[in-house]
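Residue numbers (the working numbering), protein chains in the order written: chain W, 1 to 269; chain E, 1 to 282.
None of these hints come from the bench; they were simulated from the model.
All values reported here derive from a predicted model rather than from experimental measurement.
In this text, a Cβ means the ideal position worked out from N, Cα and C, and glycines have one as well.
Hints should not be assumed to be uniformly reliable.
Listing some non-contacts, in silico: residues in chain E with all C-beta distances to chain W over 10 Å [said to hold, decoys possible]:
(1) 24
(2) 37
(3) 87
(4) 108
(5) 125
(6) 141
(7) 162
(8) 163
(9) 185
(10) 211
(11) 234
(12) 237
Here are the in silico distance ranges between beta carbons for each label pair [claimed, not checked]:
(13) 33(E) x 251(W): 30 to 40 Å
(14) 127(E) x 72(W): 50 to 60 Å
(15) 178(E) x 36(W): 53 to 63 Å
(16) 161(W) x 250(E): 42 to 52 Å
(17) 105(W) x 132(E): 58 to 68 Å
(18) 240(W) x 179(E): 44 to 54 Å
(19) 181(E) x 102(W): 37 to 47 Å
(20) 132(E) x 260(W): 32 to 42 Å
(21) 80(E) x 105(W): 17 to 27 Å
(22) 124(E) x 187(W): 49 to 59 Å
(23) 195(W) x 250(E): 32 to 42 Å
(24) 35(E) x 254(W): 51 to 61 Å
(25) 17(W) x 33(E): 33 to 43 Å
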Amino acid sequence: MTTVTARPSLWSIRGPMTQRRYWMFAAVGLLTPILLWWGIANSGWVEKVFMPAPGSVWARTLLWLEEDNLLGDMAISIYRVTAGWGLSAVIAMPIGLLIGTFRPVQALLEPLTDFIRYMPAVAFIPLVMLWVGIDEGSKIAIIFIGTFFQMVLMVAEDVRRVPSAQIEAAQTLGATRSEVIQLVLLPSAKPALLDTMRVTMGWAWTYLVVAELVAANSGLGYAILKAQRFLQTDKIFAGIILIGLIGLVIDQLFRLAHRKAFPWMHLKS
Amino acid sequence: MDASKVVSMVPRIRIRGLGKIFEGTQQVVALQNVDLDVQENEFVTLVGASGCGKSTLLRIIGGLEYHTSGEIHAGGRPVTAPGADRAMVFQHYSLYPWLNVIDNIRFSRRLRVNREDLTSADVERASGRADALLNLMGLSSMSGAYPNQLSGGMQQRVAIARALMPKPEILLMDEPFGALDAQTREVMHDLILHVFNLEKATIVFVTHDVEEAIYLGQRVVLLAPRPGRIDTIYKVPFGTDRQQDLKHTREFLDMKREILERIRETSGMKTDTHLLDKMSAT
Ligand SMILES: Nc1ncnc2c1ncn2[C@@H]1O[C@H](COP(=O)(O)OP(=O)(O)OP(=O)(O)O)[C@@H](O)[C@H]1O
Ligand SMILES: [Mg+2]
Numbered sequence: 001m002t003t004v005t006a007r008p009s010l011w012s013i014r015g016p017m018t019q020r021r022y023w024m025f026a027a028v029g030l031l032t033p034i035l036l037w038w039g040i041a042n043s044g045w046v047e048k049v050f051m052p053a054p055g056s057v058w059a060r061t062l063l064w065l066e067e068d069n070l071l072g073d074m075a076i077s078i079y080r081v082t083a084g085w086g087l088s089a090v091i092a093m094p095i096g097l098l099i100g101t102f103r104p105v106q107a108l109l110e111p112l113t114d115f116i117r118y119m120p121a122v123a124f125i126p127l128v129m130l131w132v133g134i135d136e137g138s139k140i141a142i143i144f145i146g147t148f149f150q151m152v153l154m155v156a157e158d159v160r161r162v163p164s165a166q167i168e169a170a171q172t173l174g175a176t177r178s179e180v181i182q183l184v185l186l187p188s189a190k191p192a193l194l195d196t197m198r199v200t201m202g203w204a205w206t207y208l209v210v211a212e213l214v215a216a217n218s219g220l221g222y223a224i225l226k227a228q229r230f231l232q233t234d235k236i237f238a239g240i241i242l243i244g245l246i247g248l249v250i251d252q253l254f255r256l257a258h259r260k261a262f263p264w265m266h267l268k269s
Numbered sequence: 001m002d003a004s005k006v007v008s009m010v011p012r013i014r015i016r017g018l019g020k021i022f023e024g025t026q027q028v029v030a031l032q033n034v035d036l037d038v039q040e041n042e043f044v045t046l047v048g049a050s051g052c053g054k055s056t057l058l059r060i061i062g063g064l065e066y067h068t069s070g071e072i073h074a075g076g077r078p079v080t081a082p083g084a085d086r087a088m089v090f091q092h093y094s095l096y097p098w099l100n101v102i103d104n105i106r107f108s109r110r111l112r113v114n115r116e117d118l119t120s121a122d123v124e125r126a127s128g129r130a131d132a133l134l135n136l137m138g139l140s141s142m143s144g145a146y147p148n149q150l151s152g153g154m155q156q157r158v159a160i161a162r163a164l165m166p167k168p169e170i171l172l173m174d175e176p177f178g179a180l181d182a183q184t185r186e187v188m189h190d191l192i193l194h195v196f197n198l199e200k201a202t203i204v205f206v207t208h209d210v211e212e213a214i215y216l217g218q219r220v221v222l223l224a225p226r227p228g229r230i231d232t233i234y235k236v237p238f239g240t241d242r243q244q245d246l247k248h249t250r251e252f253l254d255m256k257r258e259i260l261e262r263i264r265e266t267s268g269m270k271t272d273t274h275l276l277d278k279m280s281a282t
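Could you build all of it, start to finish, from the sequences and the hints given here?
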């Protein structure tokens, strides 16, 4: 008699996967587009102006770093994104908390927020220039407009997701309203809130180029726009990839913070 | 317990003509004209068909839901809001996953009601109580574990210990063992009876499991649905010292059959014997 050991297939639904396998697949997923890009760019099918080779993008990046203050562009862009997003967070957190906690506040603010969030942030540029002017504040304002309304709704949802049994258990132990908020709602929603912050940070970066449309003379988005004017496709590529990389690093930092701040969420029984 | 003594006592919970209507797109009469007294140190179980208003009644006692007619008193005071005198144990999702076992049990210690005018002796007594409850629930080795590391049975033990911590006069439980397997549930039954005898609390316990209702309760209150109302109150003739084999005695099984029969009748889902015959014939 032969013994048959059942081996879960890689392709079983939600099947298991070893760490090594995971990274193998991840590497394939990341390297394939680069190889494809390299192949197409070097094949001569496409003109260099449309698609520069990885090598020339790399060379352009180095040039940018040495002669064109790349680090300065990165710093100012990171500053703008973080400031706009941070301002959003500081205001959206309490408002979202109130919407998710008190029905009247929800009725008062949620439909309004829902309405505004569909308005395109880009369309606010002329208004922002009129109201805020054309210096640093206007760029931060655009990123703020792009993230704030979504963030309010997501924070409210995070708070609403706290199981009512957790709230009611506290109430029947004698917790007052403010104790329920401080000792149950906030700690219970915290992990979801940090995730919301991570996701909205990603969105904030997507508004960078739009924000730097406004009379900027520095920043990654500005550099991309300027490169477009001079048809420097390799610099456009470099700028886009850099924004992606910065986003990736920030995202991983948020995930790390999540693991450090909420170890109980990452426990296995 | 001596019956004449029970009558002379002021009931822990006194419910008169209680009604509850949920207003919505469709009006639901969840409870109608409910009269019920629960005595001090009494264990009352509520059973009845799904949707007959068991949870609603329990939540009204807990102050988590408001009644729309009649009156309700707990400990002589009208019930208007939840309070530390009426702790509630839920079926699930009530533990705080960011706190470990002992901090979950001690949760009520962080609330203002229990912080005012504390002497150091009080504090010492309280931490002694938390440890005692931890032991009582057989969780001493789990003190530092987090809820999502515990089995369902252990989670419910933590929830019960947490509810008992501030010495509530009344313990309200809504299908606390509903999600547990049969073996774990039996263990929990004996545990909760032990706790009941030890802590001298008054317990109102909702379940859909008639066996559980009889094994635990001194009285079984049967609610009928549409509109939710009290149908029958059964007095359970067994003493406080109950063991598992009680469940196999004639008296127990007869009572179980009687109550099950009545639940079926009230729910309007009387077993269709004709249909069953037809099905077994094929
Ligand atoms: N918040 C609510 N809004 C409207 N109707 C409700 C609400 N809560 C309960 N009901 C209705 O009230 C009735 C009683 O519900 P309840 O949850 O008390 O029943 P139950 O006996 O606990 O049922 P189950 O055994 O299924 O838990 C049901 O018809 C239910 O649909
Ligand atoms: Mg129920």
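How the hints compare with the structure:
Remark: the non-interface label on residue 24(E) is consistent with the geometry, its nearest Cβ contact in chain W lying 15 Å away (cut-off 10 Å). For residue 37(E), the requirement that its beta carbon stay farther than 10 Å from each beta carbon of chain W is met, with the minimum near 21 Å. A beta-carbon of chain W is positioned within 10 Å of the beta-carbon of residue 87(E); the least distance is around 5 Å. With a cut of 10 Å on Cβ distances, residue 108(E) falls inside the contact zone with chain W, its closest approach being about 4 Å.
Every CB of chain W lies more than 10 Å from the CB of residue 125(E), the least distance being 18 Å, so the non-interface label holds. Non-interface call for residue 141(E) relative to chain W: holds, since the shortest CB-CB distance, roughly 15 Å, exceeds 10 Å. Interface exclusion of residue 162(E) from chain W breaks down, the closest Cβ pair being 7 Å apart, not more than 10 Å. Not every CB of chain W lies more than 10 Å from the CB of residue 163(E), the least distance being 7 Å, so the non-interface label is violated.
Against the 10 Å criterion, residue 185(E) stays outside the reach of chain W, whose nearest CB is about 19 Å from its own CB. For residue 211(E), the condition that its CB be more than 10 Å from all CB atoms of chain W holds, with the nearest at approximately 25 Å. Against the 10 Å criterion, residue 234(E) stays outside the reach of chain W, whose nearest CB is about 27 Å from its own CB. With a least beta-carbon separation of about 32 Å from chain W, residue 237(E) lies farther than 10 Å from that chain, consistent with its non-interface assignment.
Judged by the Cβ atoms, the range 30 to 40 Å given for residue 33(E) and residue 251(W) is violated: they are separated by roughly 59 Å. For residue 127(E) and residue 72(W), the hinted distance range of 50 to 60 Å is satisfied, since their beta carbons lie about 57 Å from each other. For the pair residue 178(E) and residue 36(W), the beta carbons lie near 55 Å from each other, so the given range of 53 to 63 Å is met. About 50 Å separates the C-beta atoms of residue 161(W) and residue 250(E), a value consistent with the hinted range of 42 to 52 Å.
A hinted range of 58 to 68 Å is violated for the C-beta pair residue 105(W) and residue 132(E), which are about 43 Å apart. Evaluation of the 44 to 54 Å hint for residue 240(W) and residue 179(E) yields a pass: the beta carbon distance comes to about 50 Å. At about 40 Å, the beta-carbon gap between residue 181(E) and residue 102(W) stays in the expected band of 37 to 47 Å. One distance hint, 32 to 42 Å for the beta-carbon pair residue 132(E) and residue 260(W), holds here, with the actual separation near 34 Å.
Against the hinted window of 17 to 27 Å, the Cβ-Cβ separation of residue 80(E) and residue 105(W) comes to about 24 Å, which satisfies the hint. Checked against the hint of 49 to 59 Å, the C-beta distance between residue 124(E) and residue 187(W) comes to roughly 27 Å, which is inconsistent with it. Here the CB-CB span from residue 195(W) to residue 250(E) is close to 58 Å, at odds with the stated 32 to 42 Å. At about 57 Å, the beta-carbon gap between residue 35(E) and residue 254(W) stays in the expected band of 51 to 61 Å.
As the Cβ distance of residue 17(W) to residue 33(E) is approximately 60 Å, the hint placing it in 33 to 43 Å is violated.
Consistency note: the structure conflicts with the earlier hints numbered 3, 4, 7, 8, 13, 17, 22, 23, 25.
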